[in-house]
Amino acid sequence: MSGERDARPMLVLRDIHKFYGTNEVLKGISLEVNEGELVTFVGPSGCGKTTLLRLIGGFTDVSAGDIILDGKRVNDLPPNLRDTRICFQNYALFPHMTVAENVGYGLKINGWPKERIRARVSELLEMVELKAFGERMIDKLSGGQQQRVAFARALSLEPKVLLLDEPLSNLDANLRLVMREEIRKLQERLHITTVFVTHDQFEAMAISDRLVVMKDGLIEQVGTPIEIYERPANEFIAGFVGYVNFMDGTVSALDAAAHTASVDTPYGAFEVSLEQKDIAPGDEVLMVIRPESVTISLDCGIKRKNVVCGTLRSYMYAGSLAKCTVAIGDKKMIIDQYNPRDAQRFTHADKVEVEIPRSVHLLKKKKERPS
Amino acid sequence: MATAELSLKVQAGSGSRIKDFLNANLINILAAVLFLLLAFFLLYPIIAVLIKSVRGPAGFTLEYYRAFFAKSYYYRSLVNTLLLGAINTAVCLVIGFCLAYMTTRGPWLLRKPLKIISLVPLIAPPYLFALSLIILFGRNGLVTRMLDLHWELYGFSGVVISQTLAFIPLAYMMLESTLMSLNPNLEESAYDMGASEATILRTITIPLMAPGLLKAGLLIFVMTIAEFGNAAILGGRTPFLAPDTYTMITGESDFNMGSVLSVVLIAPCIVIFFIHNYLLEGKKFTTIGGKPVAAEPRKITPLIKVPFVLITTLAAGAIFICFAVVLAASFYKILGVTDRFVLSNYLDFTSNQAIYNSIRVSLVAAVIGAVIGVLLAYVIVRGKFFGRSFIEMASLSGFALPGTVLGIGYLLAFSAPPLQLTGGIMILALNCVFRFLAVGVEAGISKLHQIHIEIEEASADLGASFLTTFFRIVLPIMFPAFIAGFIYTFMTAIVSLSAVVFLVSPGFQLAAVKIFDAAVYGEIGIASATTIKLVLIVMGCVAILNYITKKTRLGSAMGKPAA
Ligand SMILES: Nc1ncnc2c1ncn2[C@@H]1O[C@H](COP(=O)(O)OP(=O)(O)OP(=O)(O)O)[C@@H](O)[C@H]1O
Ligand SMILES: [Mg+2]
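Chains as they are written, first to last, in our numbering: chain A, 1 to 371; chain B, 1 to 563.
Possibly wrong hints are sitting among the right ones.
Stated by the list, open to error - Calculated cross-link-like contacts (lysine-lysine; reagent style DSS-like; alpha-carbon spacing at most 25 Å):
1. 299(B) <-> 108(A)
2. 131(A) <-> 108(A)
3. 299(B) <-> 160(A)
4. 299(B) <-> 72(A)
To be verified - If you want the footprint, here are the derived chain A segments under chain B, 3+ residues with CB under 8 Å:
5. 70-81
6. 86-94
7. 98-112
None of these hints come from the bench; they were simulated from the model. The C-beta atom is built at its ideal place from N, Cα and C for all residues, glycine as well.
Please build the complete structure, drawing on both the sequences and the hints.
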């Protein structure tokens with residue numbers, strides 16, 4: 001990560017609304033993206049990510065609200081006058097041009113002299129490691145190469161903000177991992193403000209400085225990957241970024257000095273370290289238990305703190321981890337046991353001991369939520 | 001070979017062996033039957049024309065061709081025809097492009113109405129425009145008298161104008177589908193990088209559309225030079241090949257010379273057909289998948305907007321006026337000359353008789369055409385036999401063949417035993433079937449491409465025989481294509497003129513021919529009323545088609561009519 005961030009906001013969205021006919025697709029989006037920052041919009045399909053990106057790029061008009069780019073309001077500027085550059089999901093490379101012509105298109109349009117175009121294009125192609133491919137036609141490239149060309153083309157004019165709409169979704173799984181690292185490295189090196197859209201939550205966490213979780217045209221939470229994953233603001237976000245086990249409970253006591261809370265659940269009492277301030281004794285809470293945070297072991301004898309007994313329902317070995325399903329009373333819990341090779345081996349229906357870590361996150365329950 | 005081996009098995013085996021054989025080969029048998037039909041009703045007539053053009057009383061001769069090129073009249077006819085084709089194609093492409101651009105990239109509000117106007121001429125027989133030009137600019141035309149204008153309508157310019165109006169929808173449809181298939185993100189990317197609207201058009205849109213433009217241009221060219229009605233009605237003393245052929249046959253009964261003219265007319269068509277099929281093969285720019293999206297409206301710059309809007313408005317206005325004057329003229333003996341409002345044109349017996357005959361012929365054609373079309377589509381898409389691409393080419397080519405050629409061909413081929421058909425309803429119907437086969441076949445093919453072969457394989461896997469699979473799985477899925485083929489064939493058949501004009505017998509008049517005769521003899525009222533009746537029938541068909549499309553959500557089969 002690029003250490004401390006610039007304070008200067010490069011892109012500001014102020015209460016953006018967007019209607020398609022009577023359908024309100026964006027319902028008030030406000031956000032600041034700082035210079036050099038990579039911010040990712042994640043959310044389920046249809047939540048308005050692409051729409052938001054197209055608004056920033058100028059392809060669609062906002063119904064209400066302001067878009068401020070580098071201190072200037074750009075609502076009324078068409079895309080060709082906005083200093084943003086978009087990379088579409090399908091790359092939108094010009095199929096009737098070579099790689100070099102694609103990368104140099106923007107330069108040519110903007111009246112660069114031939115020599116400078118050639119130099120810049122070769123610099124860009126070198127940057128994306130496609131030096132030898134300048135004369136190729138687009139359809140003679142692999143998916144990953146096309147992706148790089150699209151990226152080089154988008155960077156050619158050094159835009160103030162780079163907009164990437166699911167740039168990796170047409171690539172196969174391995175290539176995605178490689179490309180996302182490359183994109184991130186380049187982005188950090190060029191210190192270019194980037195808005196990234198994906199619906200792959202792991203990709204989002206891996207690549208971003210900050211995540212913006214969206215749902216139904218609204219922002220649910222903004223935060224660093226760590227904040228979003230470890231301290232999700234609500235059940236939807238908790239469930240959206242990775243798998244999660246929920247456990248209902250009631251806060252029975254607080255120890256303000258030690259920052260701990262005791263939570264009573266139908267399955268036993270747990271002691272939990274407390275990060276948030278809005279929790280009081282008597283509150284109904286939801287414990288957010290990540291599968292990988294739980295420790296599972298065979299013996300089930302001595303009662304210890306935060307340990308409950310359960311029955312192993314299934315054990316699925318998957319190399320680097322084993323997925324266990326454990327029944328605790330009437331509750332099924334998914335537990336990831338990492339490095340199963342060195343761990344204890346389980347067989348079906350064994351009694352097991354499950355230790356819930358103190359670090360679990362607590363969600364304060366809203367009233368009247370059907371469980 | 002394999003067939004011999006199989007037939008041996010059949011002889012040796014029990015009933016189930018025969019069944020197995022049929023199961024395995026039914027599609028090939030079907031293909032063979034269809035091939036024979038195509039050969040007999042499409043290729044044979046054309047070959048008959050070719051033969052006739054080189055066979056004199058004393059056997060093989062090139063005398064008739066020599067005569068063609070010796071006479072400056074024929075030469076002029078050829079030049080006129082090609083020139084007409086070129087001008088018409090260029091104008092239609094420009095207008096079609098403007099319309100298509102506005103309806104795919106323009107403001108939402110304009111898209112629907114403009115699209116409707118662009119497609120409206122489809123419901124009109126092409127000669128409606130010739131008729132309306134006579135009403136407006138003819139010797140007794142409204143404008144001619146009102147403004148005392150002495151523009152000579154009969155001649156080259158009149159034909160160009162009426163042809164252009166008639167072919168706008170075709171140009172529009174083809175260019176619209178090209179524009180629709182163009183990923184809007186490409187243009188947006190260019191826009192994003194600072195390109196202006198005009199630059200985008202020049203560097204992205206038009207280059208990417210080039211294959212589509214060329215394809216549309218070729219087709220319009222072929223169809224224009226083959227078009228009979230407008231040139232025959234408005235040609236005046238200017239010779240064009242298609243009407244000359246007609247005069248040669250009906251006026252001078254010179255079948256040899258008529259055949260030569262046909263061959264000359266068909267030659268550019270064949271050349272173009274091969275360019276189309278081989279040169280343009282695969283010349284389509286593909287882009288990486290993604291969701292196909294309708295392009296969002298752009299802020300179109302005045303530089304583009306003004307000429308585009310001007311052209312589209314002019315075209316739309318002209319189309320509207322043409323319909324209006326024909327409608328008006330249908331209520332007068334001769335509009336502008338006699339000014340008594342009458343209904344007699346609609347009650348005219350010969351006109352109604354002709355309409356009735358047309359409906360009968362077209363119904364027969366539609367039934368046969370739809371059945372053959374669906375079967376052909378199936379065989380083309382699913383078959384794996386030698387000559388498959390030939391069948392595809394043949395069944396799609398009828399569209400681009402000059403109607404006059406198939407008209408003479410049918411006269412030559414079916415006026416004597418073994419199959420004497422002339423004088424009946426069948427020759428007219430069959431002619432329409434094989435000329436317009438492409439529509440049903442295209443609809444069928446596009447529908448079949450939506451069905452994964454796996455569905456059929458799954459059915460076969462469950463133990464269903466070929467026939468069971470065909471009737472239980474394939475046919476129901478193909479049904480919309482069948483309906484589309486039926487209605488399209490009906491619509492096209494009922495307005496078609498160029499081939500049937502050769503084939504009608506004195507006792508069996510068709511509406512299109514009736515209109516043609518009436519227009520030529522100056523019975524404007526009757527011609528207009530009959531045209532309006534045809535327009536109403538076609539509108540009815542369109543309405544039914546729309547209803548069915550909505551009702552069954554089968555739009556996709558009909559979304560792309562034959563190109
Ligand atoms: N041009 C348009 N006209 C009408 N509705 C639209 C248009 N574009 C998008 N929508 C609607 O806006 C909503 C948000 O669409 P958007 O494409 O922004 O979603 P998304 O978050 O990008 O989804 P995905 O993850 O599937 O790409 C959807 O309900 C969509 O149907
Ligand atoms: Mg999207």
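Status of each hint after checking the structure:
About 23 Å separates the Cα atoms of residue 299(B) and residue 108(A), which keeps this hinted pair within 25 Å; it holds. Distance restraint check for residue 131(A) and residue 108(A): the Cα-Cα separation of roughly 19 Å lies within the 25 Å cut-off, and the hinted pair is therefore satisfied. For the hint linking residue 299(B) to residue 160(A), the alpha-carbon distance of about 23 Å falls within 25 Å, and the restraint holds. Note on residue 299(B) and residue 72(A): the hinted pairing holds, with a Cα-Cα distance of about 21 Å set against a maximum of 25 Å.
Judged by the Cβ-Cβ criterion of 8 Å, the stretch 70-81 of chain A is covered by chain B as claimed, because 4 of its residues qualify and three suffice. For the stretch 86-94 of chain A, the stated coverage by chain B holds: 8 residues have a C-beta nearer than 8 Å to a C-beta of that chain, and at least 3 were required. Residues of the stretch 98-112 of chain A with a Cβ under 8 Å from some Cβ of chain B number 4, which satisfies the need for three, so the listed coverage holds.
Comparing the model with each earlier hint shows no violations; every hint is respected.
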